[in-house]
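With chain B fixed as given, assemble chain E onto it according to the hints.
Chains as they are written, first to last, in the working numbering: chain B, 1 to 256; chain E, 257 to 558.
Check before you lean on any hint, since a few could be wrong.
[What the hints assert, rightly or not] No more than 20 Å apart at the CA atoms, straight line, and that leaves these computed lysine to aspartate or glutamate pairs for EDC-like:
no.: 1; chain 1: E; residue 1: Lys543; chain 2: B; residue 2: Asp86
no.: 2; chain 1: E; residue 1: Lys344; chain 2: B; residue 2: Asp84
no.: 3; chain 1: E; residue 1: Lys488; chain 2: B; residue 2: Asp84
no.: 4; chain 1: E; residue 1: Lys488; chain 2: B; residue 2: Glu69
no.: 5; chain 1: E; residue 1: Lys488; chain 2: B; residue 2: Glu113
no.: 6; chain 1: E; residue 1: Lys441; chain 2: B; residue 2: Glu69
no.: 7; chain 1: E; residue 1: Lys391; chain 2: E; residue 2: Asp313
no.: 8; chain 1: B; residue 1: Lys15; chain 2: E; residue 2: Asp313
[Unchecked claim] Stretches of chain E that chain B covers, calculated by requiring three or more beta carbons in the stretch to come under 8 Å of a beta carbon on chain B:
no.: 9; region: 428-434
no.: 10; region: 480-486
The hints are simulated quantities; they were obtained by calculation from the structure and are not laboratory data. Values in this document were obtained by computation on a predicted structure and should not be read as measured data. Even for Gly, the Cβ is constructed at its ideal location relative to N, Cα and C.
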Amino acid sequence: MIALETHDLTVTYHKRPVLYGVDVEVEEGSLVGIIGPNGAGKSSLIKSIMGVIPTSGGWTKVFGKPIQENLHRVGYVPQRESVDWDFPVTVMDVALMGTYGKLGLFRRAGKKEKFIASEALDKVGMLPYAKRQIGNLSGGQQQRVFLARAIAQDSDLYFMDEPFTGVDAATEATIITLLKEMREKGKTVLVVHHDLQTARDYFDHLLLLNMRLVAYGKTEDTYTTELLQKTYGGRLTILDEVAGQAANLPEASHYQ
Amino acid sequence: MLSWNPWGWMMMMCFFVALPCALLGVYLILRRMSLVGDAISHSALPGIVVAFAFVGDLSSPWLLVGAAVAGVLVTVLIEQIHRRTRIKQDSAIGIAFTSLFALGLVLIRFLVGDKVHLDQDCVLEGDVSHVAYAKIVSMFGADVPDALIPAGIVAIATVILITVFYRTLTLSSFDSGLAASFGYKPGVVHYALMAVLSVVVVAAFEAVGAILVIALLILPGATAYLCTHRLKLMLVLSAVHALISSIAGIYISVYFNGKESAGVVIAGTLLFLLAWLVGPVDGVMVKAVQRRKNTLDKSELE
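This is chain B alone, in the form it adopts within the complex:
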C-alpha cells in the first residue's frame, strides 16, 4: 500500500520558490531519509505535507485519502529549536500532547492517556524525568521527549524534522533503535537528515531533494555518486569518499 503520495507539490516563500513540483510515492513500512543541501526545502517539504505551511500547488494523499481526512494517522516531530524550552510545562505534559490529536478539541486527557504517555517516556528512558520542567533538560533529552510525544501519537506515518541534530551518541542510538522498531511494526517514517555519512546505514529509502525531487528509491539505488552529485553539486567532500575520486564539479548555483 502507498502510505504517502504527493503530486506536483509546490511551495513558495515570499514569492520565491522553495519547492517545485515534487512527485513522490512512499510505500508503507519504509524508513526514508530526506537528504539534500541547506536550503533544499527538506523541512518545507514535510511542513507543507503536514499543512503547517501553505502550498501554492499540488496535493498530498495519505493512505489513499487527502491528508486532511487522515491527519489522525500522521505524526509530526518538529525541529527541536522550533519551540520555546522555557515554556512552563513538564516532560509529562509534553508527552501527553501526543495524545491530543486523537482526543479532539474538548475531551480531557484521562488515565488512559497518562498511561500511554508514561509508556512512551519509558521507551526513550525519560520516565524518571517526567516531572521536570522541559528547560532543565539537555539537548538529547529534549529530543527524546519529542520522540516520546511522537510515540504517544501512535500514528502510522511519521514526519521527523532533523531529530539527530545536536544530540549525544546515546540519544542517537536510542532514536535509530526506535526508528527501526517503528518500521518493524509496519509504520512509515520520513526523516529529514543532514548527515550523508550515516544516511546510508540508517535508512532503507532515500529522498534526494534540491528544490526539485532529484531521486527517490531504495538506498542502494539512490546512494550513488551520480545522484548525490546531482543533489549537492560538487560541494561536499563526502562525495569523494563515495566515488573514491576527486569531485570536481560545477557549483549547484543554478538551483538557488
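Chain E only, in chain B's frame:
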C-alpha cells in the same frame, strides 16, 4: 458589608478588570507578544470615534464594539506587515498602532468636531471611582452597581473561554507546528485570542486607561512566571496577583489620595519585585542559596 462600602466596589471593579487581563497576559507572555496589548489599547481610539459618529452617544455599548473591532484590525495589520514583508514583529507593532491612533486623532476633528470633549485624563489613567456612585441594580438577589456588570461579564466569559480552550491555546502557543498537524489551525487561535484580548483591553481601558492596562496584562503573568514552572499554577497565581493588587491598590490610592488605577499598578509592581526577590523558582534569594550549595558541594569534593 461590601455593598455599603464604595472602596469595596472599587476593589471588585479593579479585580474584574484585572482578572481577564492577567489570564490572557499569561499567554501573551508565553507567545512573546506582550506589546500587542499595548497596540490594541492605543488603537481603540479610531474605533471609538467611528462608532460614536454613528450612534452619537458616548455611553453606548457600540463604542466598545467599535473599539474591539479596531483592536482586531490592528492585530491583523501587525500580522500582515510582519508576514508579507521582512519587517519584524516589534517594528510592525510600532507602525500599526501609531498609525491607527493618528487616524483616530484626525477622525475626532473630522467626524465629531468640537461637539464632544473626549477626556484626556480618562485615556491616560482611566477611572474606577464611578462604580462607587453608579446606579444600584439588583442581580441574583444582591444589590450591585450597574457599572460593575459589563466588567463582571467580560471577566467570567474570559475565565470560561480559557478553561474550555486551555489545551488548544496551550498547544498552539507551545508548538504551533504540532497544533497545525492536529488540525487546530493556529491562525484561527491567534485571531480568536486577539479578538478576546481586544474586548478585554477595551473593557479595562475605561477603568485604568490606555497605558496602565499594559501593566495589568503583563505584571501578573510575569510575576507568576518567576514563581512556577507549571502553566496551570501560573494561571492561578496570575489571578491571585490580580486579586491582591486590586485590593492593595485601592488601599494605596486611598492612603496617598491618588488615582486608583495607579495604586493597582504600583501594588502589582511591588508583588513583581517580591517575586523577583524571593520567588521560589527564579528568585534572587533562591538562586543565591543554590549557588552557595553548589560551592559547598564542590569544596566537599576537594
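Taking the hints in turn, this is what the structure says about them:
1. Under the criterion of a C-alpha separation no larger than 20 Å, the hint pairing Lys543 of chain E with Asp86 of chain B is consistent with the structure, at around 17 Å.
2. Between Lys344 of chain E and Asp84 of chain B the CA atoms are separated by roughly 18 Å; this keeps the pair inside 20 Å, and the hint holds.
3. Proposed proximity of Lys488 of chain E and Asp84 of chain B is supported: the alpha carbons are some 17 Å apart, at most 20 Å.
4. Under the criterion of a C-alpha separation no larger than 20 Å, the hint pairing Lys488 of chain E with Glu69 of chain B is inconsistent with the structure, at around 32 Å.
5. Taken as a hint, the Lys488 of chain E and Glu113 of chain B pair is honoured in the structure, with Cα atoms around 18 Å apart against an allowance of 20 Å.
6. Our distance criterion of 20 Å between C-alpha atoms is met by Lys441 of chain E and Glu69 of chain B, whose separation comes to about 15 Å.
7. Using a Cα cut-off of 20 Å, the hinted pair Lys391 of chain E and Asp313 of chain E holds, with the two alpha carbons roughly 19 Å apart.
8. Distance restraint check for Lys15 of chain B and Asp313 of chain E: the Cα-Cα separation of roughly 47 Å exceeds the 20 Å cut-off, and the hinted pair is therefore not satisfied.
9. Requiring three or more residues with a Cβ within less than 8 Å of a Cβ of chain B, the coverage given for the region 428-434 of chain E holds, as 6 such residues are present.
10. Note: the region 480-486 of chain E has 4 residues with beta-carbon separation from chain B under 8 Å; the three-residue rule is met and the coverage holds.
In this structure, the earlier hints numbered 4 and 8 are contradicted, and the remaining ones agree with it.
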